[in-house]
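Visitor: Next come the chains, spelled out residue by residue.
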Amino acid sequence: GDSVTQMEGPVTLSEEAFLTINCTYTATGYPSLFWYVQYPGEGLQLLLKATKADDKGSNKGFEATYRKETTSFHLEKGSVQVSDSAVYFCALMPSYGKLTFGQGTILTVHP
Amino acid sequence: DTAVSQTPKYLVTQMGNDKSIKCEQNLGHDTMYWYKQDSKKFLKIMFSYNNKELIINETVPNRFSPKSPDKAHLNLHINSLELGDSAVYFCASSYMAGGQDEQFFGPGTRLTVL
Chain A
37 GDSVTQMEGP VTLSEEAFLT INCTYTATGY PSLFWYVQYP GEGLQLLLKA TKADDKGSNK
97 GFEATYRKET TSFHLEKGSV QVSDSAVYFC ALMPSYGKLT FGQGTILTVH P
Chain B
2 DTAVSQTPKY LVTQMGNDKS IKCEQNLGHD TMYWYKQDSK KFLKIMFSYN NKELIINETV
62 PNRFSPKSPD KAHLNLHINS LELGDSAVYF CASSYMAGGQ DEQFFGPGTR LTVL
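Going down the list, the sequences are from chains A and B.
Plus 36 on top of the position in the first sequence (first one is 1) and you've got my numbering.
Plus 1 on top of the position in the second sequence (first one is 1) and you've got my numbering.
All the given hints hold, so there is nothing to weed out.
With a Cα cut of at most 30 Å, we get these calculated BS3-like pairs of lysine-lysine:
#: 1; chain 1: A; residue 1: Lys134; chain 2: B; residue 2: Lys10
#: 2; chain 1: B; residue 1: Lys42; chain 2: A; residue 2: Lys113
#: 3; chain 1: A; residue 1: Lys134; chain 2: B; residue 2: Lys68
#: 4; chain 1: A; residue 1: Lys113; chain 2: B; residue 2: Lys37
#: 5; chain 1: B; residue 1: Lys37; chain 2: A; residue 2: Lys134
#: 6; chain 1: A; residue 1: Lys134; chain 2: B; residue 2: Lys45
#: 7; chain 1: A; residue 1: Lys104; chain 2: B; residue 2: Lys42
#: 8; chain 1: B; residue 1: Lys42; chain 2: A; residue 2: Lys96
#: 9; chain 1: A; residue 1: Lys88; chain 2: A; residue 2: Lys134
#: 10; chain 1: B; residue 1: Lys37; chain 2: A; residue 2: Lys88
#: 11; chain 1: A; residue 1: Lys92; chain 2: B; residue 2: Lys42
#: 12; chain 1: B; residue 1: Lys45; chain 2: A; residue 2: Lys88
Everything labelled a hint here was simulated from the structure, so no lab data went into it.
Looking at chain A on its own, in the form it has when it is part of the complex (with noise of 0.2 Å):
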């Protein structure tokens, strides 16, 4: 079955830091992939996506690549500030059928 699988956390950056939080894949087809982010409290909500192999998503100075020859989205950002504590999540997303999502990773940025 699909399965998505990121890398253990947590993780504890200082303000201005880079960041990247790595995410593999299991499945069969070509599904969508997705970053979802859960801040203190709230839902999720979600972060970016892509749709088809080599496409980028981004949002909000956070990006991640569809990377279909090592099945991998790893997200990335550049210079991560005190609000970007959350937890986050990768998951894929079939033609038809459900969201899979990671085990999550909580980040914490301090000043």
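Since chain A is already given, all that's left is putting chain B on it; use the hints.
Guide: Relative to chain A, chain B alone:
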């Protein structure tokens, strides 16, 4: 205007009780979902409805029964609550089931079973 709303936000109850969580979306979406998030933040889908019809039913105990009176509402009733049911339950909605569509999540209901 809240897109996906859930009530209550917090629910504390005793083992063995029956409780319900309500969800409403005002986005005009056809598909709604229930997810369970455990204490380690792991998210797993429980149910999905498309146009009031059940389309996803994961291996969830029979004590959990979803009900969709119309496209905009999806409620979750839980019978005979157990300690292991303690979690945060999220409702979500999307235009279609599957594909590229973003899912919009509610704020969650934190259920604590004592």
